[in-house]
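One letter stands for each residue in the lines below.
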Amino acid sequence: MNVGDKLILKKNNVSDFFYSLQEQMQLIAPKQRFAGDVVFDLVNSPDEIVWEYGHDIYPPGKRYLFPHYEDMFSYRQGEQIAIDVAADVPRQAIVGIRSCDVTAVRFQERFFSSPIVDPFYKTRSDNTVLFSLVCNEPPKKDCFCICCDAGPYLESGFDVQLTDLGDRFLYEIGSEKGLDVSEPREKYLEASTEQDIAERKRIELHADSLFQTASYIAKAIIYITSDEVPDEVWEELGSTCFRCAACTNLCPICTCYTVDDRPEPDGSFTRCRSWDSCQYAGFTREASGHNPRPTFGSRVKRRFYHKASFQYIMRDGRHGCVGCGRCVSSCLTKLDLPSVVKRIRRAMHDYIEPISKPTAFLE
Amino acid sequence: MSTEVQAPTLTGAKPRNMWGVTGVPTGNLYVPMPAVIEKIIVETPDTKTFRLRLEDPKHAEWFTWEPGQFVEVSVFGAGEAPIGFASSPLERSWFELTVVNRGKVTGLMHELKEGDRVGIRGPLGNCWPLEDIKGKDILIISGGCGLAPLRPAILYILANREDYGEFWLLYGARTPADINYKYDLVEWEKRNDFHVLQTVDVGDESWTGNVGVVTTLLDQVKLDAANAVALTCGPPIMIKFATLALVKMGFSEDRVVTSLERYMKCGVGKCGHCCVNHVYLCTEGPVFTYAQLQEFPETRA
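Those sequence lines, one after another, are chains A and B. Oh and the first sequence: position 348 is 426 in my numbering, straight run, nothing missing. Oh and the second sequence: position 231 is 236 in my numbering, straight run, nothing missing.
Next up, chain B with everything else stripped away, as it sits in the complex:
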């Protein structure tokens, strides 16, 4: 067998800190750090945002993360689930996780109150390549709760607005009631250096905006594809069609960056659930470029 064949190089930006790679403050990979729920924000009928603070100051001091990374949340009595960071990375003393009520763990998590405790293992995974795309125009496409892992990136870019070119956000939700972060979207729409377009699959009597899937908004975007980078996150079907539309618009395959999701257990590349071909999403992902995804037969569009 020739040694010329190399596993494809993964270039999703490398975070400064990764659980298990740069240390484990609890001393054991599988033991979580206790965290207190400081605030619960109800986003939609089935989605809540939890603001968490690590209880142990030693853990809090060690804990730094980048937009795009995620944590394993232990809901005591139910189990663990991987959830992406959803708050500003500039805020060090707390962080937010947006959780949709779907399964056993997230269901029990929705019953928790302010002051209750959960366990945190993380940060896990790689991050959005925000440093590498400085100076570029940014187009963000997201659907439903897929806005959550992109929110830290948006807040980071808005905080360092002069480092980036044109900035567009296309956001689609199923119905007006399913729109996350309404309080943010109102603020963002007021800015003249940030173009925000929203759409819903099904409108109601109060909805006056666009109706249709998120890719229908692409016609309104005025960007030079040669100098732009697209960040996408959402349901698999949305990612697929958004990526194909972007490539048609002239985006090169390595300029379309996406965050994948998989069922996940350990978060440290051992349990095998999140493998996409030979790549462990939890340690080498979840952020990949479309060019990288082409290397994996399992995700080929």
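Next comes chain A alone, as it looks inside the complex:
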């Protein structure tokens, strides 16, 4: 068995396969909860896994690798300061995660490991294997991963990728980590045939043909990078923002966090980090009251500068959007990426005279 192998996992073996995996690590997978909602959660038995689900709005990759609230260490004051660093995390497999979220996890892994390695993220990501599931069709009309090079299937970057072929899964091994969990379970896997690969290709083309939302992000990258979008446009966009921060909290790529010292009943304190959002006014407000980003517009501008500027693409290796469509589903005032990109393109037509050169920054 090698990295790059394309194998077959028959559906009647799926249960045994994951029972055997569960002996090694806990399984996080889509599961029926709350009046029929399917959300990612710890599963007690692999039979609970819901294989035909759409899309979890709460990004599973980010949630289990960079939790919403994460205790860093606790300390106690006394004669000395006693510091207790949070214990190690269990090994886990995230099963059924979508391609967009896998791409986002790879983005965050890169961000949290360069140039300085974040110890908490590293421990979690070292202990996590991703079993991604190809979208046979776009789960939602809001999905636009196809515009962001992040789905609906992956060519690389996955540990194990599963494609539903009816009575079987195509089982692709994409990394050493994926190989490590596959080799001990060789008896459940078999070789794939040319028909299987052809069927997979048919599914790819079919899925590609069904996308409805488009982001045309490349155009926005040029305008945002060269800072050509007039401030009036940002202020107009920002004027509708509710500051709910759903866009950044649900974004599988966003990494910003804040740090708090939480008092415990026993007199000690826990330093914990939790997701923060650049859309809050307090994100940059200093103790003196001075705020370098004082307006709604400047904060919306900030969010899109981080998502779609060439400066950040140079740092992070790709633009900060995987096209999962969560901001589209969650923002009440259409400050999602495809809409903003569309409005920037229109605004550039309305505000800027035709003599301006969008490629000025290239010279």
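If you're looking for bench data, these hints aren't it; they were derived computationally from the structure. Be careful, since some hints might not be right.
[Said to hold, decoys possible] Below, a sample of chain A positions facing chain B; criterion: calculated Cβ distance under 10 Å:
| id | residue |
| --- | --- |
| 1 | Ile-159 |
| 2 | Arg-188 |
| 3 | Val-195 |
| 4 | Thr-336 |
| 5 | Phe-347 |
| 6 | Gly-360 |
| 7 | Arg-363 |
| 8 | Lys-379 |
| 9 | Arg-393 |
| 10 | Cys-409 |
| 11 | Leu-410 |
| 12 | Lys-412 |
All C-beta atoms in this analysis are idealised placements derived from N, C-alpha and C, irrespective of residue type, glycine included.
Fit chain B to the supplied structure of chain A, relying on the hints for placement.
Same frame as chain A, now just chain B:
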């Protein structure tokens, strides 16, 4: 997309030691080193200088820093705040931090007594390019508590006075009571190789010096702008007007060096609060030249 476009090169001097880059003596980036408050100096009604010594000799041995760098101070029970070094870099066994009582962390820090403990993560950030500007005339402009991150640079230059040319300090405070390091300023004014000019925004009956914002002192400065470097730190509005005045005096944009400040949490380029455009102030700043700041739309004057 063409690969010719490069992120602007940042040339704020590279320190010898940076938390997370050159090691972490506590083994975890986010775990601070305990330090004891040895002495507290009251500077102004809302400002105190804390002299700190790292408790663990292993930490103290690892800990070296350069003027312009800063630390994250954990005030246990409140949280962390970024504070710049304010003492002489030649003193290895202790260091000083000057803290204005403004928020939750600094408020609780002001209640601490000598002998109490705080946590230190650092040194963080880059530093003043003191090696690169040897042989040049130096003009320092600072306002209020903005003198704190420049004090190590001043003490370093005074200790190596023969390496530098003319040396000027312009210092402005809101009122005479708000002047930091009065004990230093008295000594510095006595020296004949260091020109110190002070001003206050609002004087009182005992004040006989200049009144007005710090940039009004620039007329009295006699320097050849072509061979001089300006270091500035202070409130954002002061930095802006000082920089514009200096450029008008003939300073080239890469000879005006400034230290920025931002709300900050992690200090290691992860939490995202201190980003100025695509640059993380905590690991690539806080010291930038005016020429570099021109590259960032967010700080364009």
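Against the structure, the hints:
1. Ile-159: A/Ile-159 check passes; min Cβ-Cβ to chain B is 5 Å, inside 10 Å.
2. Arg-188: Since chain B brings no Cβ nearer than about 12 Å to A/Arg-188, farther than 10 Å, the hint is violated.
3. Val-195: This hint holds: A/Val-195 lies near chain B, its Cβ roughly 8 Å from the closest one there, short of 10 Å.
4. Thr-336: This hint holds: A/Thr-336 lies near chain B, its Cβ roughly 6 Å from the closest one there, short of 10 Å.
5. Phe-347: 6 Å, holds
6. Gly-360: 8 Å, holds
7. Arg-363: Holds, because the Cβ-Cβ distance from A/Arg-363 to chain B comes to roughly 6 Å (cut-off 10 Å).
8. Lys-379: It holds, given that the least Cβ distance between A/Lys-379 and chain B is near 9 Å, below 10 Å.
9. Arg-393: With a minimum Cβ separation of about 6 Å from chain B (threshold 10 Å), the hint on A/Arg-393 holds.
10. Cys-409: 20 Å, violated
11. Leu-410: Nearest chain B Cβ about 24 Å off; hint violated.
12. Lys-412: 24 Å, violated
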